[in-house]
Structure formats: structure tokens, C-alpha cells
Amino acid sequence: MSSNNDIASALAESIPKVFQEVQKTVANHRKLANVLRKLQEKASKIGKRKLDNQYLSGEQSFNLEFTRNLSKILPVKKREPAIDRVIKFVQTFIQYSQEKDKAADNEAQAAEDPEASEETLSSRFVEYLMKYLLKGVNAREKPVRLRVCQLIALTINSLGEIDEDLYNELKSKLLDCARDKEAGVRVQVAIALSRLQDTDDEIGAVTEKLIEMLRNDPSAEVRRAVFYNIELNEALLPYILERARDVDATNRKCIYLRSMIEIGDFRVLSIEDREKLLKWGLSDRDANVKKACSKMLSEHWINQADNNLLEFLERLDVTCSDAAESALSSFFEANPEVCDSFSFNDQFWENLTPESAFLVRVFCDFCKKNNEEKLEATLPNVTQHAVYLQEYSQLMLSTEEGDDAKTELEFIVNQLLLMAGHLDFADEIGRRHMFTLLKETLIYTDVPDKHLPSVIEILKKISVSEKDFTRLIIEIIIDIRESTDEALKEKYEDVSLDEDEEMEKRILEALAILKCLNIAKNMLERSSENLRENSSMYGLLKELIIPSTQSSEDILKETAIRCLGLCCLLDKTLAAENFQVFIHCVLEGHIELQEQALMIIFDLIMLFGIGTLTSKLDDPTILDQLLQECMDCDVAEILAIAIEGVSKLFICKALTNTDEYLPYLVTGYFHPRTADNQRLRQCLSYFLPVFCHSSHKNQQAMTKITPQVICDLIQVHKDLTSDEEMVSPLQIAQQIADWTDSHKLVRSQFPRHEDIDHGIHADLVQKLLEMTEGEAVSSRRTLLQILTKFRVDETAGEERLQKLLDSIEEFKESNPVIDAVSRNALKRLETSVQSAWDTLQEQETKQSEPESSPDEEPASP
1 MSSNNDIASA LAESIPKVFQ EVQKTVANHR KLANVLRKLQ EKASKIGKRK
51 LDNQYLSGEQ SFNLEFTRNL SKILPVKKRE PAIDRVIKFV QTFIQYSQEK
101 DKAADNEAQA AEDPEASEET LSSRFVEYLM KYLLKGVNAR EKPVRLRVCQ
151 LIALTINSLG EIDEDLYNEL KSKLLDCARD KEAGVRVQVA IALSRLQDTD
201 DEIGAVTEKL IEMLRNDPSA EVRRAVFYNI ELNEALLPYI LERARDVDAT
251 NRKCIYLRSM IEIGDFRVLS IEDREKLLKW GLSDRDANVK KACSKMLSEH
301 WINQADNNLL EFLERLDVTC SDAAESALSS FFEANPEVCD SFSFNDQFWE
351 NLTPESAFLV RVFCDFCKKN NEEKLEATLP NVTQHAVYLQ EYSQLMLSTE
401 EGDDAKTELE FIVNQLLLMA GHLDFADEIG RRHMFTLLKE TLIYTDVPDK
451 HLPSVIEILK KISVSEKDFT RLIIEIIIDI RESTDEALKE KYEDVSLDED
501 EEMEKRILEA LAILKCLNIA KNMLERSSEN LRENSSMYGL LKELIIPSTQ
551 SSEDILKETA IRCLGLCCLL DKTLAAENFQ VFIHCVLEGH IELQEQALMI
601 IFDLIMLFGI GTLTSKLDDP TILDQLLQEC MDCDVAEILA IAIEGVSKLF
651 ICKALTNTDE YLPYLVTGYF HPRTADNQRL RQCLSYFLPV FCHSSHKNQQ
701 AMTKITPQVI CDLIQVHKDL TSDEEMVSPL QIAQQIADWT DSHKLVRSQF
751 PRHEDIDHGI HADLVQKLLE MTEGEAVSSR RTLLQILTKF RVDETAGEER
801 LQKLLDSIEE FKESNPVIDA VSRNALKRLE TSVQSAWDTL QEQETKQSEP
851 ESSPDEEPAS P
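If you count the sequence shown from 1, position 401 lands on 401 in UniProt numbering, and the numbers rise without skipping.
Check each hint, because a few of them may be wrong.
To be verified - Below, computed lysine to any residue pairings styled on SDA-like, alpha-carbon distance capped at 20 Å:
#  : residue 1 : residue 2
1  : K704      : P672
2  : K290      : F344
3  : K460      : D424
4  : K17       : E127
5  : K279      : F344
6  : K42       : V26
7  : K72       : S172
8  : K505      : R532
9  : K450      : K505
10 : K439      : E400
11 : K461      : S326
12 : K374      : D403
13 : K88       : K45
14 : K88       : L154
15 : K557      : T407
16 : K515      : S483
17 : K290      : L241
18 : K789      : A701
19 : K181      : D163
20 : K171      : L121
21 : K789      : K803
22 : K648      : K616
23 : K653      : K697
24 : K38       : Q98
25 : K279      : P218
26 : K42       : I83
Unchecked claim - Between beta-carbon pairs, the in silico distance windows are:
#  : residue 1 : residue 2 : range
27 : R215      : E533      : 53 to 63 Å
28 : G264      : E475      : 21 to 31 Å
29 : E325      : A405      : 34 to 44 Å
30 : D479      : D712      : 38 to 48 Å
31 : K767      : V247      : 45 to 55 Å
32 : D404      : E533      : 20 to 30 Å
33 : I507      : D738      : 23 to 33 Å
34 : E842      : V247      : 41 to 51 Å
35 : D265      : N335      : 16 to 26 Å
36 : D404      : I478      : 29 to 39 Å
37 : D424      : D265      : 18 to 28 Å
38 : G774      : D738      : 44 to 54 Å
Quick caveat, the hints were computed from the structure, so don't treat them as lab data.
The structure displayed is predicted, hence computed values, not measured ones.
C-beta atoms are modelled at their ideal positions from N, C-alpha and C, and glycine is treated no differently.
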């Protein structure tokens, strides 16, 4: 290689051979990198000489020949293993060259060579290659952009000290490429950008772009590439945790399997974040995500708590945790062998903490489902359990309000009550002890609301029958009222009360009534016996519940209405007699009372039917007026309850008046005012397709109300303000077209004798076209575009198609001057209808032709 011509010809012969060989297997890459490095070293010793009308050094000739061969793979469209091997070889060669330069640099430093330089052969080559690749990031061809970004992502780690201009160009072009329309390109850009984070500020331009891609990129693969490669730090942690709610199940799974493990000790997360992760993961609808979360919990988080479940629970704040129970249950299910080692002695029960009480309660729940013998061995006998319950209850009552210890003791008592539900009350002595304790607790103490369900549940279990249970609770309520009256009489007897004392007395009376109502509510929620078969319930109704519905105290009125509703569920006649009361509460009550009464109304209709309940109303139409008012209400919660209730009634066929109610449901689904009402949107996203695809009659009902609904929604879309969001009318039409597509009916859901009209879209298009005449220009343009979204084919029949063609012709004659968009939409519609007409004519012609006999000779020409 004595001249540039020699080196050029040698390189032109040797480098292509290397590129040819590397495509066969990755096993020879290291060896071929050595061959290529030697060629590079020899070429670098050749000085500048004239070659092809330009002065090039041997090193430059090597670089040119290398990129000339590399450029051959860039336009390849298909994913070829050979091409992937070439790209991997480029990385191998760069790494090998850097190793050689580093070794040479170490020798030079050892020899204290003054000519040793920071710039090396490999660093110059990488810089040259990077500049070459940057020319292709904006190429028109997708494969070129993809290969270039892939090579940049692999090469960027090998960059040493580069000049500021090259760094800025690299950063700028990668940031621009982050908006590339191809997801594969954006994946490689995300990987490359993540390599630049070290040189970036804590939250600089690069990191901001990565966060934006992580949160907003439509491709699940791109989002996954970002959180796999982004540098984890405290500032970025919240954005990583968000991906546990990613729409893609694989991404959610990867967060639990990889990202949370890479974070290390879970104590770096706040208690709130730990709760969210466990709650989201363990309640995920995808089984693989649940499994990944359970694995993270069992193999990492509990290990980081020294395999001590109590210590782990202390890091979750079990007294107000929404996820601790599912987390602990998941651990028991994944590690059932651990349960065999558990043993709870007297010392344990006498020194309960919130964490230990919670642990043993969840363990008992697990044993109830999986190991009854272990449950019996764990729980103390009924008498002893009652003793523990009494001791902790007394401690709770003796602790001052507001003290953290009181909150903890309330939690411990609640866990003991929940565990008492698993006890075997066959022991008569223990059963009496527990009964006496719970009865006295209800009568003489201020039982926390969260304890009441458990107390009532245990009393029901102790009772001989449901009638005995209700009689017992009513007796307790009577005792509470009598003891309250006696206490108030004793305290305020023969005393002239001032204003403050009178107020105090009324408060004490109201609290006692509220306590009785809450006990009654919990009892009624657990009752199923017909009210007429339990006469003692009528006394409770007349003396406590009905008078409380007229109370001036909102909380008393709400609880009393709830109790009245539960009573009505047990008696059809009582429901009909009091139905007007619930309607009045919705019309005249405060928001909370309206919500309570509206839910009761829907429950009663579902159980007894509209006819039974409206039979005793002065005005039977008042129910329709009420429901329509609620579905047009501005209060989000009432609107959601109304929409949800009406949807259920339609699904159960308890409501059939589709013309009145269906427009509210469809409009509510798309209207911008419901954009933040997730309860409503989630309900309708399930109901509307189920309603339409389950019955052709329902599809016809939807088709009937669609024209006016679409026109109304177009107007709403035109009047949108800057802070409101709404899908476009074209998207709305596309969705309705899907709902009313008769080909998407669920065949198993409708009777065989039901006739299916596959041409109902033709009637819908006909009606919309007629309505278009009277609309403004902008609305007319939108409506004409909407017409093309519906299916109009030969199944519409000759009469419909002919009528539609005539209407299109009339529309064109009456509207000769229309804009290009409208004209094109009308033309597409006309072409579609004409095509359907032609197909129908061809089918009729074929059917009308007589079939020739096999023995009949063809006619002579």
C-alpha cells in the first residue's frame, strides 16, 4: 500500500468481502473486526494524495469505502437477518477499535510518550460515521430513516469527546425525528436520546422529549423503549409509575417485572405510590399483569423488608390502606407453604398492633377459603375471643378522641370483629358471652360506623332465624331509645334550658336517632324476609323510619330514606305506597338526598316493574318527567346515576320507550359536558354497543333517533369553547354506523323468527339527506360527509335505492353551487348507491334467466 491508488483498490477489494462475510453469522464478527481494524491501521499510515480529483489520506479512503458498503443496506425494506448482522457488526467493530486504541494509549502513558494524543483512530472514525449517518435522518424512505436511527442508537455510546457543533446537530436532529410518523423510527430515536441524558440537565430538552414520548406516544413499543432506556431518578419516577396504568398490558407487566426491580428498595417510593402500584397491579384485568405484580411483591418487596410480613405491613400504613389486603392475600396464595409456619399464642393476642391484627385477620380469611383446620387452630375459642374483644374495646373507649392510639385501637377492634365472623358459635357459653358483649356494646357505647356491619353480621350469625334476628335488633333499638330518653330526662329534668342547652339536647337526641337508623339500615341490608311476615318491622317503620324522613336534619333524612327504600324492597305494596315519597325527594331534596332517592327508584323499578309502582301515583307521567330531568341535569353524580339506571332498565327490558330516552343516552355519550364524568362514559361505552348488537329491533330504534341526534351534536360541536373537548361529527357518525350495522348482530341473542332488515342504513341516509336541505352551509357540508359513513348496498332493495337516487338528483338540482368538499362527498354517495343499484339489477337479471336443461342443445348463432 505504497500509494493512494493502491490503498483505494485494496480497500475496494477487502472491505466488501468483510461486509459479505459478516452477513452469514455473528460468530465471526470479532475475527472480521480484527481484519478490518488492520486494514484501517494500514490505511491510516498513508498520507494525503490526489485521488479522483481530490486529495485524500488513506484513513479518509477507508472511511469512504466503509460508508459506501454500509449505504447498501440502508434502503432494504424487509427485515432481513443478514442486515441486522451487518448493523451488529458495526457496533462490534467500533468497540473492538476502541479497545485497541485504549490499549495503545495505556502503553503510551506507561512509556510517557509525549506524542500521545486524546484523539484516536476509532474516535475519528466514529465522529465521521456519525456525521455521515446524520445526513440520512430526514430521508424520504422509511427503511433509510429506520436503519440510520438504529445505527446512531448503537454508535452513540461509542462517542468520546466531540465538538459542540456535532453534539448540537445530533441532539437537534434526534429531537426532530422523535415526531417521525413511523413507530419503528421513534423507537430507535428514544434509545438514542436516552444515551444523551448524561450530558443533559436534570430535566432538559432531551429528558423533556423522552417524558413526552413516554406519556403521549401512540405506539406501545415506543413508550416501552423509553421506560426501558430512560435514566431512572427521583424526578422521573412519577412518570415511570404512570405506565402501570398504560393501555398496553405488556407495558404494565414490564413496569412490575423490570422497572420497579431496577428502582431497588421500594422505600424510595412514597406510601401513596406503593399503595397505587399494588392496587393497580393486583386488580388489573390482565392475568399476566397480576402475576407480575404478585411476583414483584413476593420476590422483592417482602425480601427488602427482611422477609418480615409485619415490617412490610408497617411500610403500607394498613389502617387506611386500600391495597394491603389484596397484597397480603396475593402473597399467601403465591406462597401457601408459609402459612404452615404461622403460630399465634396468647402473648400475640394480648399485644396486638394494627399490623399484627391485620395480618392474622387476612390469614384467617385465607384459611377460611383454603384450610379450615388451620383456621380452627389459629382462632381462640369464642369465649376467649370475646374477652380479647372486650379488652381492646374498653381501651378504645377510654382513649381520647383525636389521639392516634384511638385510631389504631378502632382498627384492631374492627379486625377482631371481622375475625369473629369465622368463629364456630356451637359453644353455648361462648355464644352467650359474645351476644351479651355485642348487645351491650350497641346499646351503651358510641359504636364507630365502620364497626356496625361486623357487629350486626355476627348477631345475625348468632340468631336462630331471620325473624329472631330482626326481633333482636329492634329490641336493641328500643333499648337505645329508652336509655337515651332516660339519660336526657335525668340530665335536663326540672331545668329551664337556655338556648345552648336546648341545642345540646337536640343534638344528643339526633345522634341517638341516627345511631338507631344506622343499626336499622345494617339490619335491613341483611334481611330478605317478606315484610308482611314480620310484624315487628311495621312498628320500626312507624315509630322511627317514617318520622325521620320528615326531619330537618339532612343526615337523618338521608339515612331514613335509605331505610325506607330497603323496607320497600321487602314489600311490593309498601313500595307502591311510598313511591311518591322518593319522587318528591328527587324533585325537592338536597343533592345527597336526590342521589339516594334516585338509586332507590331504580332498584324498585328493577324489582317490581314500572306498572306496579306508578299505579297509585296521581300523575303516572311524573316518572318520565323525573327521569328526563335527571338525564338533563348539570350535577355530574345525579346525571351518572340517571344514565346508569335507565341503561339497566333498557338492558332488562323494564323500559321500552326508546324514542324518549335513547336520545339522552347517545347525546350524553358524546357531549363535551360529560367528558370528565368517567362513571357515565364507562357505563355508556358498555351499554350502547350491547343494546344495539343484541337486538335488531334496538338497532331500528337507534336508527330512528339518529338523524336528529346527529344534527344536534353537529351544532354542539360548532359551539365548542376553547376549553371543551369533543370527538368530531364524522367520528360520531362512524360510531353510530357501527352500532346500527345489522351484520354485527350477536346471532345467539335474538329470536330466529325475528326478521333482519340489512338495508336500514338506506332509510337513515334518506332522512339525513332530507334534513341537509334546511341546514346552514357548514352543517350541510358536515352532513354530506357523514352520509358516506353508512352502509348502503343492494340489501336496501330496489325501492329504497331508487328513492335515494332520486333524492340525490333533486338535491343536486336545488343546490347547484356547493363547495368542493360537499360536492365530492355527494359524488361518493351517489357512486355508492348507483353501484348498489347496478348490483341489484344484475342479481335480478340472473334470477330471471331460465335455467337450460342438460339435454337441451344451445341455439345456433
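Hint check results:
As the CA atoms of K704 and P672 are separated by approximately 23 Å, the hinted pair breaks the 20 Å bound. Restraint check: the Cα-Cα separation between K290 and F344 comes to about 30 Å, which exceeds 20 Å; the hinted pair is violated. Annotation: proposed proximity of K460 to D424 holds, straight-line Cα distance about 13 Å (limit 20 Å). Distance hint between K17 and E127 is unfulfilled; the C-alpha atoms sit about 24 Å from each other, more than 20 Å.
With a C-alpha separation of about 28 Å, the suggested pairing of K279 with F344 is violated against the 20 Å cut-off. With a C-alpha separation of about 25 Å, the suggested pairing of K42 with V26 is violated against the 20 Å cut-off. In summary, the hint linking K72 to S172 is not supported, as the alpha carbons are separated by about 26 Å, beyond the 20 Å threshold. In summary, the hint linking K505 to R532 is not supported, as the alpha carbons are separated by about 36 Å, beyond the 20 Å threshold.
At most 20 Å may separate the alpha-carbon atoms for a hinted pair to count; K450 and K505 exceed this at roughly 26 Å. Proximity of K439 to E400 is assessed by CA-CA distance (about 23 Å); at most 20 Å being required, the pair is judged violated. Distance hint between K461 and S326 is unfulfilled; the C-alpha atoms sit about 26 Å from each other, more than 20 Å. Taking the CA atoms of K374 and D403, the gap is about 36 Å. The hint is violated against a cut of 20 Å.
Taking the CA atoms of K88 and K45, the gap is about 27 Å. The hint is violated against a cut of 20 Å. The suggested pairing of K88 with L154 holds, with an alpha-carbon distance near 8 Å, which does not exceed 20 Å. For the proposed pair K557 and T407, the alpha carbon gap of about 28 Å is over 20 Å, so the pair is violated. With a C-alpha separation of about 13 Å, the suggested pairing of K515 with S483 holds against the 20 Å cut-off.
In summary, the hint linking K290 to L241 is supported, as the alpha carbons are separated by about 16 Å, within the 20 Å threshold. A distance of roughly 19 Å separates the Cα atoms of K789 and A701; the hinted pair therefore holds under the 20 Å criterion. Straight-line distance between C-alpha atoms of K181 and D163 comes to about 30 Å, which puts the hinted pair past the 20 Å bound. Distance hint between K171 and L121 is unfulfilled; the C-alpha atoms sit about 24 Å from each other, more than 20 Å.
As the CA atoms of K789 and K803 are separated by approximately 19 Å, the hinted pair is consistent with the 20 Å bound. The hinted pair formed by K648 and K616 fails the criterion: a straight-line CA distance of about 24 Å is larger than 20 Å. For the given pair, K653 sits about 12 Å from K697 by alpha-carbon distance, which is consistent with the 20 Å threshold. A threshold of 20 Å between alpha carbons decides the hint, and for K38 with Q98 the separation of about 13 Å falls inside it, so the pair holds.
For the given pair, K279 sits about 25 Å from P218 by alpha-carbon distance, which is inconsistent with the 20 Å threshold. Under the criterion of a C-alpha separation no larger than 20 Å, the hint pairing K42 with I83 is inconsistent with the structure, at around 27 Å. The supplied range of 53 to 63 Å is met by R215 and E533, whose beta-carbon atoms lie about 60 Å from each other. Checking the proposed 21 to 31 Å range against G264 and E475 shows it is violated: the Cβ atoms sit about 59 Å from each other.
For the pair E325 and A405, the supplied restraint of 34 to 44 Å is violated, since their beta-carbon distance comes to about 23 Å. Range check, D479 to D712: about 59 Å between beta-carbon atoms, so the 38 to 48 Å window is missed. As the Cβ distance of K767 to V247 is approximately 37 Å, the hint placing it in 45 to 55 Å is violated. The hint said 20 to 30 Å for the Cβ distance between D404 and E533, and at roughly 48 Å that hint is violated.
Checked against the given bound of 23 to 33 Å, the beta carbons of I507 and D738, roughly 58 Å apart, lie outside it. Between E842 and V247 the C-beta distance comes to about 46 Å, which sits within the given range of 41 to 51 Å. About 21 Å separates the C-beta atoms of D265 and N335, a value consistent with the hinted range of 16 to 26 Å. Separation of D404 from I478 is about 37 Å and conforms to the stated range, judged on CB atoms against 29 to 39 Å.
At roughly 43 Å, the beta-carbon separation of D424 and D265 lies outside the given 18 to 28 Å, and the hint is violated. Between G774 and D738 the Cβ separation comes to about 27 Å, which falls outside the hinted range of 44 to 54 Å.
When the structure is compared with the earlier hints, violations turn up for hints 1, 2, 4, 5, 6, 7, 8, 9, 10, 11, 12, 13, 15, 19, 20, 22, 25, 26, 28, 29, 30, 31, 32, 33, 37 and 38 and for no others.
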